[in-house]
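Student: Sequence positions in the sequence shown follow the numbering used here and run 71 to 705.
Be a bit skeptical, because a hint or two may be false.
[As the list claims (entries may be wrong)] Quick list of in silico lysine to aspartate or glutamate cross-link-like pairs, EDC-like style, CA-CA up to 16 Å:
hint : residue 1 : residue 2
1    : 686       : 296
2    : 463       : 528
3    : 453       : 467
4    : 99        : 171
5    : 355       : 338
6    : 320       : 540
7    : 355       : 205
Bear in mind the hints are in silico, worked out from the structure with no lab data behind them.
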Amino acid sequence: MKDLVGKKRVQLNGFLGIYLLAVFMIWMKTYLTQLTQFELGVEGTLQQILLLINPLGSALLFLSVAFLFRGKRKMSMLLIVYTLMSFLLFANVVYYRFFSDFITLPTIYQTQNFGDLGGSVLALFRGTDIFYFVDIAFLFYLRIAKKQQLKLVKTGFVMPVVAVAFALMISSTNLYLAEEDRPDLLVRGFDRSYIVKYLGMYNYAIYDSVKTAEASSERALADSSDVTEIINYTKSNHADPNPAYFGLAKDMNVIYLHLESMQTFLIDHQLNGQEVTPFLNSLAKNENTLYFDSFYHQTAQGKTSDAEFMLENALFGLPQGSAFITKGQNTYQAAPTILKDYGYTSAVFHGNNGSFWNRNVIYNNFGYDEFFDANAYDTSDPKNMAEYGLLDKPFFEQSQALLETLPQPFYTKFITVAHHFPYKMDQELTTIEKATTGDSSVDNYFQTARYADEAIEEFFTYLKESGLYDNTMIVMYGDHYGISDNHNRAMEQILGEEVTPIVNADLQRVPLLIYVPGMEGGINHTYGGQMDLLPTVLHLLGVETQNNIHFGTDLLSEDHSQVVPFRNGNFVSPTIYSLDGKYYDRQTGLILDSSQYEHAEKLSAMVEEKLNYSDKVVNGDLLRFYSKDGKVIEE
71 MKDLVGKKRV QLNGFLGIYL LAVFMIWMKT YLTQLTQFEL GVEGTLQQIL
121 LLINPLGSAL LFLSVAFLFR GKRKMSMLLI VYTLMSFLLF ANVVYYRFFS
171 DFITLPTIYQ TQNFGDLGGS VLALFRGTDI FYFVDIAFLF YLRIAKKQQL
221 KLVKTGFVMP VVAVAFALMI SSTNLYLAEE DRPDLLVRGF DRSYIVKYLG
271 MYNYAIYDSV KTAEASSERA LADSSDVTEI INYTKSNHAD PNPAYFGLAK
321 DMNVIYLHLE SMQTFLIDHQ LNGQEVTPFL NSLAKNENTL YFDSFYHQTA
371 QGKTSDAEFM LENALFGLPQ GSAFITKGQN TYQAAPTILK DYGYTSAVFH
421 GNNGSFWNRN VIYNNFGYDE FFDANAYDTS DPKNMAEYGL LDKPFFEQSQ
471 ALLETLPQPF YTKFITVAHH FPYKMDQELT TIEKATTGDS SVDNYFQTAR
521 YADEAIEEFF TYLKESGLYD NTMIVMYGDH YGISDNHNRA MEQILGEEVT
571 PIVNADLQRV PLLIYVPGME GGINHTYGGQ MDLLPTVLHL LGVETQNNIH
621 FGTDLLSEDH SQVVPFRNGN FVSPTIYSLD GKYYDRQTGL ILDSSQYEHA
671 EKLSAMVEEK LNYSDKVVNG DLLRFYSKDG KVIEE
């Protein structure tokens, strides 16, 4: 008996005790992180319980891998698994601070961009982050201090079996309760925050890996028959062009100005009595400019690349990662390819590395004739450089000579970078004071926005002096939010109102200004998103889109759908907003009564259908089976 008690004491003081301690530490660390660092919208007792227990099953299961090893290797494997879990948790915390989202497996492929991120990543770190690693150091200490005891311990087969069984029991109960509270959780998994809230960070990682594998297999399994259903859907949802606008810009040049991180609230906004974007404000009032004040970005993890992907193809970006990177070799029928048949030369201008977002690969598959990246610019003067390339003013100045090499008519895109997180700028270049909220991202945001506005004004001056202004359609669009909802407290100071779910959704509006010489302009209140840009621009150029596989519709068409889907399955419309599983009355801001849910549910189903069809096209590379004249290509 004495020997048995002694043996148990050795086990509890040895590996088994350390295993249980490790389970408890990673459980609590993950729970507290999910509770305090992520905006998961936890409501009610059941969701609070689920948030508490969901890390426990994962901790028991993953750390039990160490039982498969013998002697001191048990502890080594425990440390490895514990460290990996901790780094995954911490990486998501840092990622969430800017993107308000969680890392997916495809975003790992985007590490090729990390070399250009520089201070943007460093700005996301905080001094308190050291606490994510103190427990790891403590386990390393125990590994050394109990080295001799760990050599003697034999846990046998009972403990690992018990640990795994207990882990599966907890996880199964977790999943059952989650499905009771949120039916079809794993089927309708557009919103990653739901998966994390109900199943936890580590189960989410497993779910994401499975979904990524499914998406990767779609191309291999796809055939020409799959495109027929898509064609029927897009044709039935086609919006005929508005005769009053169709062909107004026929044979004109096209210039897209990519307004990095520009949000609509900046238009006509004053800071300390000064207009932040005086030139864009004047353009919004130009007699030949249509200004869309209810235009939303629809980007997800691909951010800037998602915006480009949508405006070139009228296809949604992917739910995980960036299509620019993971689907760069697909077949596309993008704007440059379409307009090539109408005599257009195409080019992109960007003062950053061509490999960033895999642009040097995917632009070829979009049909671009030229890509002027950093190699085409003088980037030798550090004063002219931002973290993501050439500052906007020297960028536009140096782009003028490059633009003049293109035969007309041309289709071009200019990608700016100065107004990018963390919005730092040499104070000698600024012409407006910072805000004073105490949040550096928000406070700096207005200085870089003013600089970008001034750079655009200088470029317009060039266009007028060169004569291009009178024969060019200029489309200015914001690519995505600049201030995430992690900064809502500071934004409440800026806006002078509470950031409710409705207000937060409207902060996702980005500017869209379309200038066409001779066109009757004005403010347009139509609800729309980046998916709608391609058919709108093509119709203004007099190009019919009936045979194109597009998931957006012409903003100027009487048949345009004003339901704007977001990548996570949410949507906005003039009457109903669907946000994080709740339906709101747009006018009152109140949650809809259950008696009004029927119409909202129909809209939600329509959004889900559109997202699913778009994903089938992209994941299956279905455009390889569809000719640009509208015929299915048999295998």
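Student: Would the pair residue 686 and residue 296 pass a check requiring their Cα atoms to be no farther apart than 16 Å?
Tutor: holds, 9 Å
Student: Would the hint linking residue 463 and residue 528 be met if the CA-CA limit is 16 Å?
Tutor: Within the cut-off at roughly 8 Å; holds.
Student: Given the hint that residue 320 pairs with residue 540, test it: the Cα-Cα distance must not exceed 16 Å.
Tutor: Satisfied, since the Cα-Cα distance of roughly 13 Å is no more than 16 Å.
Student: If you draw a straight line from the CA of residue 453 to the CA of residue 467, is it 16 Å or shorter?
Tutor: Roughly 15 Å separates the two Cα atoms, so the pair holds.
Student: Under the criterion that the straight-line Cα-Cα distance not exceed 16 Å, is the pair residue 99, residue 171 satisfied?
Tutor: violated, 19 Å
Student: Hinted pair, alpha-carbon criterion (16 Å max): residue 355, residue 338. Please report holds or violated.
Tutor: holds, 11 Å
Student: Just to be careful, I want the Cα atoms of residue 355 and residue 205 compared with a cutoff of 16 Å; is the pair within it?
Tutor: With Cα atoms ~58 Å apart, residue 355 and residue 205 exceed 16 Å; violated.
Hint check: violations occur at hints 4 and 7; the rest are consistent with the structure.
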